[in-house]
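Visitor: Based on the sequences and whatever the hints tell you, model everything.
Chains as they are written, first to last, in the numbering used here: chain Z, 1 to 419; chain B, 1 to 250.
Mixed in with the good hints there might be a few duds.
Calculated cross-link-like contacts (lysine-lysine; reagent style DSSO-like; alpha-carbon spacing at most 27 Å) [said to hold, decoys possible]: (1) B:Lys190 <-> B:Lys139; (2) Z:Lys391 <-> B:Lys108; (3) B:Lys100 <-> Z:Lys412; (4) B:Lys139 <-> Z:Lys405; (5) B:Lys100 <-> Z:Lys405; (6) Z:Lys362 <-> Z:Lys245; (7) Z:Lys391 <-> B:Lys100; (8) B:Lys100 <-> Z:Lys371; (9) Z:Lys371 <-> B:Lys139; (10) B:Lys5 <-> B:Lys226; (11) Z:Lys392 <-> B:Lys100; (12) B:Lys50 <-> Z:Lys392; (13) Z:Lys412 <-> B:Lys139; (14) Z:Lys48 <-> Z:Lys229; (15) Z:Lys412 <-> Z:Lys229; (16) Z:Lys321 <-> Z:Lys129; (17) B:Lys65 <-> B:Lys10; (18) B:Lys122 <-> Z:Lys392; (19) Z:Lys392 <-> B:Lys108; (20) Z:Lys229 <-> Z:Lys78; (21) Z:Lys43 <-> Z:Lys53; (22) B:Lys18 <-> B:Lys226; (23) B:Lys50 <-> Z:Lys391; (24) B:Lys108 <-> B:Lys50; (25) B:Lys125 <-> B:Lys100; (26) B:Lys139 <-> Z:Lys392; (27) Z:Lys412 <-> Z:Lys166; (28) B:Lys10 <-> Z:Lys371; (29) Z:Lys391 <-> B:Lys139; (30) Z:Lys371 <-> B:Lys50; (31) Z:Lys245 <-> Z:Lys330; (32) Z:Lys166 <-> Z:Lys229; (33) B:Lys100 <-> B:Lys129; (34) B:Lys14 <-> B:Lys50; (35) B:Lys226 <-> B:Lys192; (36) B:Lys192 <-> B:Lys122; (37) B:Lys192 <-> B:Lys230; (38) Z:Lys330 <-> Z:Lys351; (39) Z:Lys200 <-> Z:Lys412.
Calculated from the structure, these hints are not laboratory results.
Take a look at the letters that make up each chain.
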Amino acid sequence: MTDTDKSFKHIFSSVTSPNTAYVQKMRESAVESLTTLELPTNKHEEWKYTSLKKIQNADYQFYTKKEFDNLSASFLPKGAEDCYVLVVVNGILELSLSEIPQEISILSLQEANEKGFLDNYFSAITNDKNEFFTALNTAYANNGLYICIPKNVVLQKDLLICQISKGSEQALAFQQRNLLIAEANSQAKIGFLYLNPEEKEVFSNEVTEIFVAANASLSLNNIQNEGEKNTKISTIYAKQERQSKLAFTTISLSGHIVRNNLNICISGEYSESYMNGLSLLKSNTHVDHHTLADHQSPNSYSSELYKGVFDENSTGVFNGKIYVRQAAQKTNAYQQNRNILLSEQASIYTKPQLEIWADDVKCSHGATTGKLDESAIFYMRARGISETEAKKLLLRAFAQEIIDKLDMEVLKNYLEDLI
Amino acid sequence: MLSIKNLHAKIDQKDILKGINLEIKPGEVHAIMGPNGSGKSTLASVLAGKEQYEVTDGTVTFLEKNLLELAPEERAAEGIFLAFQHPIEIPGVTTTNFLKTALNEIRKYRGLDPLDAVQFLKLLKEKAKTLQMDENLMKRSLNEGFSGGEKKRNEVFQMAMLEPRLAVLDETDSGLDIDALRIVAEGVNKLKNSQNAFLVITHFQRILDYIEPDFVHVLCDGKIIKSGGKELALELEEKGYDWVKAEATV
Chain Z
1 MTDTDKSFKH IFSSVTSPNT AYVQKMRESA VESLTTLELP TNKHEEWKYT SLKKIQNADY
61 QFYTKKEFDN LSASFLPKGA EDCYVLVVVN GILELSLSEI PQEISILSLQ EANEKGFLDN
121 YFSAITNDKN EFFTALNTAY ANNGLYICIP KNVVLQKDLL ICQISKGSEQ ALAFQQRNLL
181 IAEANSQAKI GFLYLNPEEK EVFSNEVTEI FVAANASLSL NNIQNEGEKN TKISTIYAKQ
241 ERQSKLAFTT ISLSGHIVRN NLNICISGEY SESYMNGLSL LKSNTHVDHH TLADHQSPNS
301 YSSELYKGVF DENSTGVFNG KIYVRQAAQK TNAYQQNRNI LLSEQASIYT KPQLEIWADD
361 VKCSHGATTG KLDESAIFYM RARGISETEA KKLLLRAFAQ EIIDKLDMEV LKNYLEDLI
Chain B
1 MLSIKNLHAK IDQKDILKGI NLEIKPGEVH AIMGPNGSGK STLASVLAGK EQYEVTDGTV
61 TFLEKNLLEL APEERAAEGI FLAFQHPIEI PGVTTTNFLK TALNEIRKYR GLDPLDAVQF
121 LKLLKEKAKT LQMDENLMKR SLNEGFSGGE KKRNEVFQMA MLEPRLAVLD ETDSGLDIDA
181 LRIVAEGVNK LKNSQNAFLV ITHFQRILDY IEPDFVHVLC DGKIIKSGGK ELALELEEKG
241 YDWVKAEATV
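Guide: Take a look at the structure:
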């Protein structure tokens, strides 16, 4: 075990809170896993292109209490007033800045734990055995959100969750654990806007478990814009029941190191799953998307489109897996990764993977990487459009396909203003 | 308006244009004909400013300016328009948005205020009506999935919107059936006036039945080897290019 493993375990295990017997059992099992799991290095196949060396030497201080009194909501995007808004600072729900909708249940993780709401859900679909950061989170994370959309409820307004990272003089580290339940026949649109307004050095390890019950429809929209000093490991485990619909759109605009793991277990028949992503990166930022669509039942559909535009020294990683299990006949699964490199120093590592055990399926996958189309630029210039403007138009057109998939006006407008 | 003197150009170390001389005045229609590989499209590309071509000798003056010193977008703003032989498909950029950007960039270059959305759409509708263009095409991505005929009509439509002083039509007739050709040619004729000029580059005489040239030039191996009136085109159609070549070498 390296010093860093120890230090992460040390800083995160320093605070404990009461658990139900169920949660306690899960936590202990994760602690057990951690005795053998180590901080992944580049030798690990799934971490080949994302090096955590940079964070190994940082001297992180664990964020424990609310050190920030004078929080103003200046970071709220235009149009937030049309949404339910939650503000989460370093993993902790800030009730003073939040508006809790009446029709659904929203609690801090600790409160939900005390009420026994985590039982049978917490760590039910996470991979604590093999994933260092997931195990670390299951073992020690005690802040985060519990959101439950009850049976038959259609959320009337979009729910916007502003995830604020706030550092101090010293680099801060925190964990966040979320549990999101969409009960049968429910519908909701939820947006996560990740910001680090002061751009201080922050490390976060966030794990979200999502349960989508039969006939439920959940749209999740993420914008990651935490600046260049933010290191983030975000891992999502989702499970879908019969005829449910789950849509993810993730827009990544910056980050020192950002690793997004998105795992969808499609366990119910006739389910639809959408995974869309857009990375627009420059300077030394690094964003890594690892996705998994695991088709376990027949007649389900998944569609995945990740795009990236990489400028200057930025790096992108895309690793998308589709599993079609033997039972999952009549699966339709599509995956595409398209990238544009704008500089000689930018890089993208892409690896689409398809593993099929069933014999009656429709699947496709592919990846492309290229530069901006020179002939298109010349065509535009020949019509009077400057080279700069022509490139802007082409990039905008490239990105627009994903931006259009954002299902929340407030986030779309936020992005429009930004790019 | 346009004065080309002793123009030499090459691409990838291969000499293509070997001394072109051509004068075009406002109100004139010039046709350049010639066999494949004679340098017709190269001439069009050099005039538009395609960077792959290197001008090794000669001058091109357009409205008193040294054209060869200008970037492609500056040439467009000065009033040169190239109708592409193969218009490019640009997914995600609508014809409307593309033209609005182009028109306003050109207006900016000329020191004019940009058109707002209302003014622009009014102009767009007007021109679409004149050229019988389907307005739905403009809402689609530029040229994406357009048929050959639609693409060429879109070129002429763009020309109508940007109102160039000199339009260069690079084999606009290639790949068009007779109906599409007629529509495209009618469009060009509607745009013709005493202030602008056209350079029609073509392999076949057919388009010249519809767009009547004042001058016909034969381009062969990078040089204009014969010039004449519109009857020269008919003669070429009938007898091919060999007799001109033979005449030129005598």
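Visitor: Look at each hint and say if it fits the structure.
Guide: Consistency of the hints with the structure:
With a C-alpha separation of about 24 Å, the suggested pair Lys190 of chain B and Lys139 of chain B falls inside the 27 Å cut-off, and the hint holds. Among the hinted pairs, Lys391 of chain Z with Lys108 of chain B is consistent with the structure: their alpha-carbon atoms are about 18 Å apart, no more than 27 Å. For the given pair, Lys100 of chain B sits about 23 Å from Lys412 of chain Z by alpha-carbon distance, which is consistent with the 27 Å threshold. With a CA separation close to 19 Å, the supplied pair Lys139 of chain B and Lys405 of chain Z stays within the 27 Å bound.
Proximity of Lys100 of chain B to Lys405 of chain Z is assessed by CA-CA distance (about 25 Å); at most 27 Å being required, the pair is judged to hold. A hinted pair counts as satisfied when its Cα atoms are at most 27 Å apart, and Lys362 of chain Z with Lys245 of chain Z qualifies at roughly 19 Å. Distance check on the hinted pair: Lys391 of chain Z and Lys100 of chain B sit about 16 Å apart at the alpha-carbon level, within 27 Å; holds. For the suggested pair Lys100 of chain B and Lys371 of chain Z, the alpha carbons sit about 25 Å apart, so the restraint of at most 27 Å is met.
A C-alpha spacing of about 26 Å is found between Lys371 of chain Z and Lys139 of chain B, which places the hinted pair at or below 27 Å, so the restraint holds. At most 27 Å may separate the alpha-carbon atoms for a hinted pair to count; Lys5 of chain B and Lys226 of chain B meet this at roughly 16 Å. At most 27 Å may separate the alpha-carbon atoms for a hinted pair to count; Lys392 of chain Z and Lys100 of chain B meet this at roughly 15 Å. For the hint pairing Lys50 of chain B with Lys392 of chain Z, the CA-to-CA distance comes to about 20 Å; that is within 27 Å, so the pair holds.
The hinted pair formed by Lys412 of chain Z and Lys139 of chain B meets the criterion: a straight-line CA distance of about 21 Å does not exceed 27 Å. Taking the CA atoms of Lys48 of chain Z and Lys229 of chain Z, the gap is about 22 Å. The hint holds against a cut of 27 Å. For a cut-off of 27 Å, the pair hint linking Lys412 of chain Z to Lys229 of chain Z stands: about 24 Å separates their Cα positions. As the CA atoms of Lys321 of chain Z and Lys129 of chain Z are separated by approximately 19 Å, the hinted pair is consistent with the 27 Å bound.
For the hint pairing Lys65 of chain B with Lys10 of chain B, the CA-to-CA distance comes to about 22 Å; that is within 27 Å, so the pair holds. For the suggested pair Lys122 of chain B and Lys392 of chain Z, the alpha carbons sit about 26 Å apart, so the restraint of at most 27 Å is met. Between Lys392 of chain Z and Lys108 of chain B, the direct Cα distance comes to roughly 18 Å. Compliance with the 27 Å bound is thereby established for this hinted pair. Distance check on the hinted pair: Lys229 of chain Z and Lys78 of chain Z sit about 25 Å apart at the alpha-carbon level, within 27 Å; holds.
Note on Lys43 of chain Z and Lys53 of chain Z: the hinted pairing holds, with a Cα-Cα distance of about 12 Å set against a maximum of 27 Å. Between Lys18 of chain B and Lys226 of chain B the CA atoms are separated by roughly 15 Å; this keeps the pair inside 27 Å, and the hint holds. Between the alpha carbons of Lys50 of chain B and Lys391 of chain Z the distance comes to roughly 16 Å, so the proposed pair stays at or under 27 Å and holds. Restraint check: the Cα-Cα separation between Lys108 of chain B and Lys50 of chain B comes to about 22 Å, which is no more than 27 Å; the hinted pair holds.
A distance of roughly 13 Å separates the Cα atoms of Lys125 of chain B and Lys100 of chain B; the hinted pair therefore holds under the 27 Å criterion. Taking the CA atoms of Lys139 of chain B and Lys392 of chain Z, the gap is near 19 Å; set against the 27 Å cutoff, the hint holds. For the proposed pair Lys412 of chain Z and Lys166 of chain Z, the alpha carbon gap of about 24 Å is at most 27 Å, so the pair holds. Between Lys10 of chain B and Lys371 of chain Z, the direct Cα distance comes to roughly 25 Å. Compliance with the 27 Å bound is thereby established for this hinted pair.
Distance check on the hinted pair: Lys391 of chain Z and Lys139 of chain B sit about 20 Å apart at the alpha-carbon level, within 27 Å; holds. A C-alpha spacing of about 18 Å is found between Lys371 of chain Z and Lys50 of chain B, which places the hinted pair at or below 27 Å, so the restraint holds. The hinted pair formed by Lys245 of chain Z and Lys330 of chain Z meets the criterion: a straight-line CA distance of about 17 Å does not exceed 27 Å. For the given pair, Lys166 of chain Z sits about 11 Å from Lys229 of chain Z by alpha-carbon distance, which is consistent with the 27 Å threshold.
Between the alpha carbons of Lys100 of chain B and Lys129 of chain B the distance comes to roughly 17 Å, so the proposed pair stays at or under 27 Å and holds. Straight-line distance between C-alpha atoms of Lys14 of chain B and Lys50 of chain B comes to about 16 Å, which keeps the hinted pair within the 27 Å bound. Proposed proximity of Lys226 of chain B and Lys192 of chain B is supported: the alpha carbons are some 25 Å apart, at most 27 Å. A C-alpha spacing of about 21 Å is found between Lys192 of chain B and Lys122 of chain B, which places the hinted pair at or below 27 Å, so the restraint holds.
This hinted pair checks out: Lys192 of chain B and Lys230 of chain B have alpha carbons roughly 17 Å apart, not beyond 27 Å. For the suggested pair Lys330 of chain Z and Lys351 of chain Z, the alpha carbons sit about 24 Å apart, so the restraint of at most 27 Å is met. Taken as a hint, the Lys200 of chain Z and Lys412 of chain Z pair is honoured in the structure, with Cα atoms around 26 Å apart against an allowance of 27 Å.
When held up to the earlier numbered hints, the structure conflicts with none and fits them all.
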